[in-house]
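Given chain A, put chain B in place with the hints provided.
The residues making up each chain are set out below.
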Amino acid sequence: MSNVPLLEVNALKKHFPLKSDFFGGKKGFVYALDGVSFTLAKGETLSIVGESGCGKSTLGKTILRLIEPTDGEVYLDGERVDNVSLNKLANFRRRVQVVFQDPFSSLNPRQRVRDIIGEPIINFGLASGSELEDRIVALMDKVRLPRDAMHRFPHEFSGGQRQRIGIARALAPGSDLIICDEAVSALDVSVKAQIVNLLSDLQDELGLALLFISHDLAIVEHLTHRVAVMYLGKIVELADRRTLFSTPHHPYTRALLSAVPVPDPKAPRNRIILKGDVPSPINPPSGCRFHTRCPYVFDRCRVEEPLLRKTAHAGQVSACHLDEVPPLAS
Amino acid sequence: MSVSIEPGFAAAPVLRDVLPPRRERGRVMLFIYRHPTIAVGGLLLGLMVLIAIFAPFLHTVDPTALAPARRTRAPNAQYWFGSDMLGRDIYSRVLYGARVSLLVGFLVAAVSSLVGLTIGLCAGFIRILDTVMMRVMDGLMSIPSILLAIAFMALIGASVQNVVIAISVAEIPRVARLVRGVVLSLREQAYVEAAIASGTSTFKIIWRHILPNTLAPIIVQATFICASAMLAEATLSFIGAGTPPTTPSWGNIMAEGRALWQVKPFIVFFPAVFLSITVLAVNLLGDGLRDALDPRLAKRI
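Chains as they are written, first to last, in the numbering used here: chain A, 440 to 769; chain B, 570 to 870.
Honestly, the hints are just simulated from the structure, not real lab data. Take these hints with a grain of salt, some might be off.
[To be verified] Counterexamples of contact, computed for chain B against chain A with all Cβ distances above 10 Å:
no., residue
1, His604
2, Ala608
3, Gly611
4, Pro625
5, Asp699
[What the hints assert, rightly or not] Part of the chain A face toward chain B, derived, beta carbon under 7 Å:
no., residue
6, Ala529
7, Val537
8, Asp541
9, Ser545
[As the list claims (entries may be wrong)] Estimated spans, in silico, between C-beta atoms of each pair:
no., chain 1, residue 1, chain 2, residue 2, range
10, B, Pro813, A, Gly568, 55 to 63 Å
11, A, Phe592, B, Leu619, 31 to 39 Å
12, A, His590, B, Leu683, 24 to 32 Å
13, A, Phe592, B, Thr815, 46 to 54 Å
14, A, Asp587, B, Arg603, 23 to 31 Å
15, B, Phe600, A, Gly568, 32 to 40 Å
16, B, Ser711, A, Pro734, 54 to 62 Å
17, A, Pro734, B, Arg696, 42 to 50 Å
In this text, a Cβ means the ideal position worked out from N, Cα and C, and glycines have one as well.
Isolated chain A, as found in the complex:
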């Protein structure tokens, strides 16, 4: 692993202004992302997990420049990309691709599969004529689509097949990083497993880095190298997969893990039931954002915002004031 990470995100912020009131005054902001930092190495999978509304998808779209960041920096191979003008992003666009959640709305219903997959190749002038055809066929083989799918329209395919078309499109320009925005959440369990296996095979084969945005911890545990847990626009814990799943540090991570369904009804479970809802990102709580729901809350949490600190385990950082979170009450 070289020293320069493939993707570096530094204190990324996205504040959506609320609709202005009648006199044009700004009423406030939705703090969708509030200082998110992480790095992603070549060929690595980093999963972003969290409840809905915590800013996972905004993070993906902001990195992709589908949404303009409010503040912070994004580097690709050490080159800053967040402040480059949109029409000079060609290199970044070629290397960073996206697979969306909904396999039905992510493909243009009036384009044939070959045009969908070929579009990025043509955009970057990577191939034309018979070479283009060859590349499209190779991509379809790679994602295990039958070749006669080429001249069909998206509505002729099932959800899993459509998602494979989406993956082929993301691979088309020879990308290094694919942002999977809930890429398997809309699929059936068996199809989900196939797509996940396909993604990890492709990763081995092509050395892809994946930024895997998901709320499905079972999938994440299977697929990922590292996991970042997000809560209300901030990363609260980031750790290696094994460390996170065996010794979670942050109380929120623990609550999330305890909520993962276990297929055995007789298995003993220590569910941590959190009280209340996620607070509004328009008016996030002071201090630690989790303090309104944390079972271990104490005075300091309400005033001082905890920073990501290393824990006793290597490669684990957590934003909690408690040095040693007490063991789960059983």
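Same frame as chain A, now just chain B:
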């Protein structure tokens, strides 16, 4: 990385991809069976178009030729539809009148669709223009369209070309609003975002991803505009603010027959029947197209 990934989830073996056989194209009967309204509407409209094109060869005489001695004749062997109070052959006038009505209908549909499409695309894509353009459109829409057309005709004088302009101006805001709405919902679609992420230029996004998906609603809207434009033309001609009296149009013939409609109803009857059939045909076509082009219904292969 320090952590290794266990090989493979316990996934079900990947099934061979079974894709439905491709549908064969053609099959006229099947099409008529699936879309009866398109077939009937298209047939009637096609008939009207043929009548308009071949009007000189369909046993007609000069529609403006006067014959004061033989005025207001009831339909007979010589005057199939009768003659009006100047002795002109109503059959010829109605057939030639189809030219004006269809021309106005199609031209207004084309002009207002194209202009409305352009305005709608601009408004949907360029935030600054959106507010300004849409307020102008709102302003135009707040005036009853027939009044707007009358005012226009009073300003620019009577001619078929001016009728087209006057009616188009009134219809443009409707198309523009429709297109803007569709564009606003399309630009949030994931496939548009995916296209942006894969480096597609804004122009290509509009051309390849937005435009093809706005065509279906526009075509449907265009047929309804076509029908209402023909009615509007007849209305304008009827009140004397439309096609000049020298050119026969269905509205003109009805306007002239209005004074006598209780004693000589056939003067009004024949152009009215033709107008009704044409408007019905266009509306049937539009209804059928809406069903056929609706992507939600397209799934039921």
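Right, here's what the structure says about each hint:
The claim that His604(B) lies off the interface holds: its Cβ sits roughly 18 Å from the closest Cβ of chain A, which is beyond the 10 Å cut-off. The claim that Ala608(B) is not at the interface with chain A holds, since no C-beta of that chain comes within 10 Å of its own (minimum 24 Å). Its beta-carbon lying about 23 Å from the closest one in chain A, Gly611(B) satisfies the requirement of being farther than 10 Å from that chain. Annotated as non-interface, Pro625(B) keeps its C-beta farther than 10 Å from every C-beta of chain A; the closest such distance is 42 Å.
Every beta carbon of chain A lies more than 10 Å from that of Asp699(B), the smallest distance being close to 15 Å; the non-interface claim holds. A distance limit of 7 Å between C-beta atoms decides the matter here; for Ala529(A) the minimum to chain B is near 6 Å, and the interface restraint holds. This hint holds: Val537(A) has a C-beta 5 Å from the nearest C-beta of chain B, less than the 7 Å allowed. Residue-level restraint check for Asp541(A) holds (minimum Cβ-Cβ distance to chain B is 6 Å; threshold 7 Å).
The criterion of a C-beta within 7 Å of any C-beta in chain B is met by Ser545(A), whose closest approach is roughly 4 Å, and the hint holds. Distance hint for Pro813(B) and Gly568(A): a CB-CB separation of about 58 Å, consistent with the stated range 55 to 63 Å. Distance hint check for Phe592(A) and Leu619(B): the Cβ-Cβ separation is about 35 Å, which falls inside the suggested range of 31 to 39 Å. The beta-carbon spacing between His590(A) and Leu683(B), approximately 31 Å, falls within the hinted interval of 24 to 32 Å.
At roughly 52 Å, the beta carbons of Phe592(A) and Thr815(B) sit within the given window of 46 to 54 Å. Distance hint check for Asp587(A) and Arg603(B): the Cβ-Cβ separation is about 25 Å, which falls inside the suggested range of 23 to 31 Å. The supplied range of 32 to 40 Å is met by Phe600(B) and Gly568(A), whose beta-carbon atoms lie about 36 Å from each other. Range check, Ser711(B) to Pro734(A): about 60 Å between beta-carbon atoms, so the 54 to 62 Å window is met.
Separation of Pro734(A) from Arg696(B) is about 46 Å and conforms to the stated range, judged on CB atoms against 42 to 50 Å.
Going down the numbered hints, you'll see the structure goes against none, and every one checks out.
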